[in-house]
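Trainee: Turn these sequences into a full structure, and let the hints steer you where they fit.
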Amino acid sequence: MSDQLVYAMEVFLNGLMAGVLYALVALGFVLIYKASGIFNYAQGVMALFSAATLVGIMKGQVPFSHLINAIFDTDVHHFGWHLPALAGILLAAAFMVLLAWMVQKFVFRHLVGQEPIILFMATIGLAYFLEGFSDLMWGSEIKKLDVGLPQGINLWIDETTFNIFDYGFFIDNLDIVATVIAAILVFALVLFSQYTKQGRAMRAVADDHQAALSVGINLNFIWVMVWSLAGFVALVAGIMWGTKSGVQFSLSLIALKALPVLMLGGFTSIPGAIVGGLIIGVGEKLFEFAIGPMVGGATENWFAYVLALIFLVFRPQGLFGEKIIERV
Amino acid sequence: MNDMSADGYVTEDGRKIGGTLMEMKNITLRFGGVKAITDISFDIREGEIRAIIGPNGAGKSSMLNVISGFYVPQEGEVWYKGARRPQMKPYEVAQQGIARTFQNIALFEGMTVLDNVMTGRLNKMKTGLLSQAIWKGKAEREEVENREKVEKIIDFLEIQAIRKTPVARLPYGLKKRVELARALAAEPSILLLDEPMAGMNVEEKEDMSRFILDVNDEFGTTICLIEHDMGVVMDLSDRVVVMDYGKKIGDGTPDEVRSNQAVIDAYLGVSHD
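Chains as they are written, first to last, in the numbering used here: chain U, 1 to 328; chain E, 1001 to 1273.
I should point out that these hints are in silico values taken from the structure, not numbers from a laboratory.
Quick reminder that beta carbons are idealized off the backbone N, C-alpha and C, glycines included.
Heads up, a few of these hints could be off.
Below 27 Å or equal to it, Euclidean Cα-Cα: the simulated DSS-like pairs (lysine-lysine) are [unchecked claim]:
no., chain 1, residue 1, chain 2, residue 2
1, E, LYS1089, E, LYS1016
2, U, LYS105, E, LYS1089
3, E, LYS1126, U, LYS105
4, E, LYS1124, E, LYS1152
5, E, LYS1138, E, LYS1175
Here are the computed distance ranges between Cβ atoms for each label pair [what the hints assert, rightly or not]:
no., chain 1, residue 1, chain 2, residue 2, range
6, U, ILE118, E, LYS1035, 55 to 61 Å
7, U, LEU309, E, ASP1229, 34 to 40 Å
8, U, LYS144, E, LYS1124, 49 to 55 Å
9, E, LYS1138, U, VAL107, 33 to 39 Å
Mentor: As structure tokens, this is what we get:
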């Protein structure tokens, strides 16, 4: 087998795993968009905020410590405990539920029935608010996140591939774990929405508000539930990306990477988010590998957007989105 | 019609009509300066088919929306099962056993017929979020039980053949029937039907009339329906409220209403010379 082909295979595998992480972020968007028609620009910031909260909780950091110290002239920074990762994750998840409730209570409950563009603007506002709030609460420095996920090269794959191809693949353990967790999460979400009472209510609300009310569904409860789910997905994405490259502002920009994924997969399809993520992940890595050297590299920065643009022209509803039919 | 005592009576075709189930007292509803409903009172008895009729724009749909909690009247009281109903959200009204259909059909278009009808039973399912998420034992038994009830209703309304069809693909008449099935699935104390025959051809109207009568007969469901087609209503209902320009102009058995001069004027017009 030629060397080029073997390298391409490695690139392909790495692309798949990067794609899973994109899919994870896109999933949060799809959940909220399906149930409430809101395109949640704040999804990326939610990932950042949840990861920062997790770090803060695990380190026993005092929230708002800078503010408190400045006002009361004190010098508190830490409670002095260190929580195990699992407890920290559970508390952070609970915190995201609280956040979901507050977002619904203070923002979107008052905007029911408004134009989509107004709801979208509200999420932009929410994104900037949460970004600032996160800095105020936990500080803006780059934080290291370690919840005990394995990292570094997977030796088994390295050795196996070396024996076969005479060339060892570099696959990061973290990527493998992320793939497994994302797969479980997606599977659980699909089961939940298809086979449980709340899942059915969620689909009903997504379909028709008036009809949902008439069969006795509490819209507010469903929306809080959906924002909580999106918050939880954001937390998982935040943990993965945070472990990989530290909890920092750039984490919130992954939301922008999720946009082309959504255009490919369709805004309303959970499988679409997965497939879209994989296509973008693999596509940009392979493109960089094959074409990148000819055009001076850095194609990963724009490949996804150009691909999305092409899709917008030829298939605006995405691969799996609901077909747009206008009855005349 | 026999003696209409407070405790109920038996109709000519042998159905038992009970006491008052719901009472509207002096309802007034305004939209800004426009009065949609002016000081209307009437009652709905247990087991009867009660119709609200009137020309277009008479305020019939507004009345139904007041009953189902979608509109909140500025004045008046709603009494249900012997107690005054506090102000409620539509979903709370539904949870109290009042199911409804809509004039322009509000179904979950993306879901199958079966899933649509199952949503009607959401309030009958008691297991909590956690056990649902874990999905075992109690939740599973509950799903099976509810599924049986739903299948019974699907059989009853003769929509077995389209059980797995997404609702968006169905023709208008069938959609109306699916909506009725979803409302029935909740086993409601009162079933509100907003123009169940609107936009149907003669054959579909006859089918729908038969289903309404069968539902009332078989399950003893109290039905309150709105229609502007006088002919259909008179054959179906036990008692009729007639509205015109937001006011009540008649109330009684179909025969009484038919001979009421104000009703005739509203429907046929009066000469003003």
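Trainee: What hints, given by number in increasing order, does this structure fail?
Mentor: Hints 1, 5, 6, 7 contradicted; others consistent.
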